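> Line order of the protein sequences matches chains F and E.
Each residue of the first sequence is one higher than the one before, starting from 0 at the first, in numbering that gives the first Met the number 0.
Each residue of the second sequence is one higher than the one before, starting from 0 at the first, in numbering that gives the first Met the number 0.
One or more of the hints may lead you astray.
[Claimed, not checked] Distance condition first, Cα-Cα at most 30 angstroms in a straight line; then the derived DSSO-like pairs of lysine-lysine:
#1 234(F) x 68(E)
#2 68(E) x 233(F)
#3 49(E) x 242(F)
[Claimed, not checked] Here are some, though not all, of the chain F residues that point toward chain E, as calculated from beta-carbon distances under 7 angstroms:
#4 2
#5 4
#6 5
#7 6
#8 7
#9 10
#10 17
#11 30
#12 52
#13 223
[As the list claims (entries may be wrong)] So these bits of chain E aren't anywhere near chain F, every CB distance computed over 12 angstroms:
#14 22
#15 26
#16 42
#17 80
Please keep in mind that the hints were generated in silico from the structure rather than gathered at the bench.
Computed from a predicted structure; not experimentally measured.
Every residue gets a Cβ at the ideal spot worked out from N, C-alpha and C, and that includes glycine.
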Amino acid sequence: MRKTSIIINENENFKKIANIVSKKGIATVCEEALCPNIIECWGSGTATFMIMGNICTRGCRFCYVIKGKPAPLDEDEPRKIAEAVKEMNLDYVVITSVDRDDLPDGGANHFVKVIRAIKEMNPNIIVEVLTPDFRGDIEAVKKVVNAGVDVFAHNIETVRRLTPMVRDRRAGYDQSLKVLKYAGNVIKKSSILLGFGETWDEIIETIHDLREVGVDILVLSQYMRPSHKQLEVKKYYTLDEFKKLENIAYSMGFLYVVSLPLARTSYKAKEAYLEVIKKR
Amino acid sequence: MQIEVKIPEDIWPRRRDWGGEIVSVYVKEGDSVNVGDLIAEVEIEKVILKIVSQFKGKIVKILVKEGDKVGPGSVIAVMEVL
Chain F
0 MRKTSIIINE
10 NENFKKIANI
20 VSKKGIATVC
30 EEALCPNIIE
40 CWGSGTATFM
50 IMGNICTRGC
60 RFCYVIKGKP
70 APLDEDEPRK
80 IAEAVKEMNL
90 DYVVITSVDR
100 DDLPDGGANH
110 FVKVIRAIKE
120 MNPNIIVEVL
130 TPDFRGDIEA
140 VKKVVNAGVD
150 VFAHNIETVR
160 RLTPMVRDRR
170 AGYDQSLKVL
180 KYAGNVIKKS
190 SILLGFGETW
200 DEIIETIHDL
210 REVGVDILVL
220 SQYMRPSHKQ
230 LEVKKYYTLD
240 EFKKLENIAY
250 SMGFLYVVSL
260 PLARTSYKAK
270 EAYLEVIKKR
Chain E
0 MQIEVKIPED
10 IWPRRRDWGG
20 EIVSVYVKEG
30 DSVNVGDLIA
40 EVEIEKVILK
50 IVSQFKGKIV
60 KILVKEGDKV
70 GPGSVIAVME
80 VL
């Protein structure tokens with residue numbers, strides 16, 4: 000498989016979302032990560048919000064998000080996000096963030112405020128969060144989960160051996176597993192990006208490790224280099240290989256698996272949630 | 000009315016620091032195009048962008064060729080909107 004193409008056709012929904020996020024001055028990971036699904040997702044009226052600014056304290060070598068010293072938290076952000084959710088008329092929202100190692104709690108309290116504000120202004124909303132590892136601080140993880148999230152996602156990103164090369168030195172394979180394990184009984188999700196040079200057996204081992212800590216939803220997708228500053232793509236996986244991995248994951252007991260080159264953690268998130276609810 | 004056919008600047012509205020090169024131009028001067036017809040393909044590091052016509056009209060001028068470096072907002076053609 001080679002590089003994917005996307006048709007650039009910005010419909011009215013796309014323009015509406017662009018207008019809302021720009022007017023409120025809020026960030027989306029769709030933009031900050033140059034997500035190839037932006038035309039499809041915004042075009043169908045949904046977006047994934049990125050809170051706590053657009054500057055990340057970590058330097059993962061696959062990621063396009065700007066690295067550096069973040070600005071202080073915007074205390075008005077919870078309200079802005081809650082209003083955007085309402086204006087976009089969403090019934091399912093995904094909230095992610097940059098890493099904030101500069102904050103004592105890694106930003107857990109801010110996550111809580113955002114989740115509560117969304118739920119207060121949008122009583123029937125389903126909230127999925129995709130969080131940092133909070134440096135392995137289990138209390139921070141529990142605080143976020145207990146704020147009322149419906150799906151807790153944290154990405155392992157790659158296999159154990161490649162973690163030090165692919166992710167920031169402050170991240171860790173076991174630390175991410177711990178975060179997922181202690182997130183408790185909420186629906187849990189994690190993603191693995193493929194194409195960094197991992198072996199087939201290493202992928203299987205990672206899928207297995209995620210299931211062992213109770214992950215329900217697995218996302219497998221192709222790493223695509225955002226610019227020449229990030230890691231090279233070592234391998235493009237075929238659709239057949241994605242399908243084989245999907246079958247293996249289901250055989251290990253995952254409740255929902257999204258295994259596609261262009262899948263990203265929040266891609267078709269609502270569909271995955273609804274399926275898991277039925278199976279649980 | 001004549002308009003410029005551009006690579007949209009706002010595919011990722013907050014990020015305009017990407018660029019790439021023209022890999023194919025699918026129309027030539029004098030061609031009639033409909034809404035949705037493929038005009039050109041631009042390869043950036045992450046994906047290939049297929050630029051399609053937003054209008055029905057006739058291509059008046061092509062301003063790029065394969066291999067040209069382009070970015071958000073680059074003009075690739077001029078068309079007469081019908």
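> A separate judgement is required for each hint: does it hold in the structure or not?
For each hint, the structure was consulted:
1. With a C-alpha separation of about 26 angstroms, the suggested pairing of residue 234(F) with residue 68(E) holds against the 30 angstroms cut-off.
2. For the hint pairing residue 68(E) with residue 233(F), the CA-to-CA distance comes to about 25 angstroms; that is within 30 angstroms, so the pair holds.
3. Between residue 49(E) and residue 242(F) the alpha-carbon distance is near 27 angstroms, which keeps this suggested pair within the 30 angstroms criterion.
4. For residue 2(F), the shortest C-beta to C-beta distance to chain E is roughly 6 angstroms, which falls under 7 angstroms, so the interface hint holds.
5. The restraint placing residue 4(F) at the interface with chain E holds, with a minimum CB-CB distance near 4 angstroms, inside the 7 angstroms limit.
6. Given the 7 angstroms rule on beta carbons, the hint for residue 5(F) holds: about 5 angstroms separates it from the nearest Cβ of chain E.
7. Because the beta carbon of residue 6(F) sits about 5 angstroms from the nearest beta carbon in chain E, less than 7 angstroms, this interface hint is met.
8. With a cut of 7 angstroms, the hint placing residue 7(F) at the interface with chain E holds, because the nearest CB-to-CB distance is about 5 angstroms.
9. Residue-level restraint check for residue 10(F) is violated (minimum Cβ-Cβ distance to chain E is 10 angstroms; threshold 7 angstroms).
10. Among the interface hints, the one on residue 17(F) holds; its C-beta lies about 5 angstroms from the nearest C-beta in chain E, closer than the 7 angstroms criterion.
11. The beta carbon of residue 30(F) is positioned within 7 angstroms of a beta carbon in chain E (closest approach about 4 angstroms), and the interface hint is therefore held.
12. For residue 52(F), the interface hint is violated, since its Cβ never comes within 7 angstroms of a Cβ in chain E; the closest pair sits about 12 angstroms apart.
13. Of the supplied interface hints, the one on residue 223(F) holds, with its beta-carbon coming within about 5 angstroms of a beta-carbon of chain E, less than 7 angstroms.
14. The beta carbon of residue 22(E) sits about 10 angstroms from the closest Cβ of chain F, which is not more than 12 angstroms, so the claim that it is off the interface is violated.
15. Non-interface status of residue 26(E) relative to chain F is upheld: no Cβ of that chain comes within 12 angstroms, the nearest being about 15 angstroms off.
16. Its closest Cβ contact with chain F, about 7 angstroms, brings residue 42(E) to no more than 12 angstroms, contrary to its assignment away from the interface.
17. A cut-off of 12 angstroms between C-beta atoms confirms that residue 80(E) is not in contact with chain F; the least separation is 17 angstroms.
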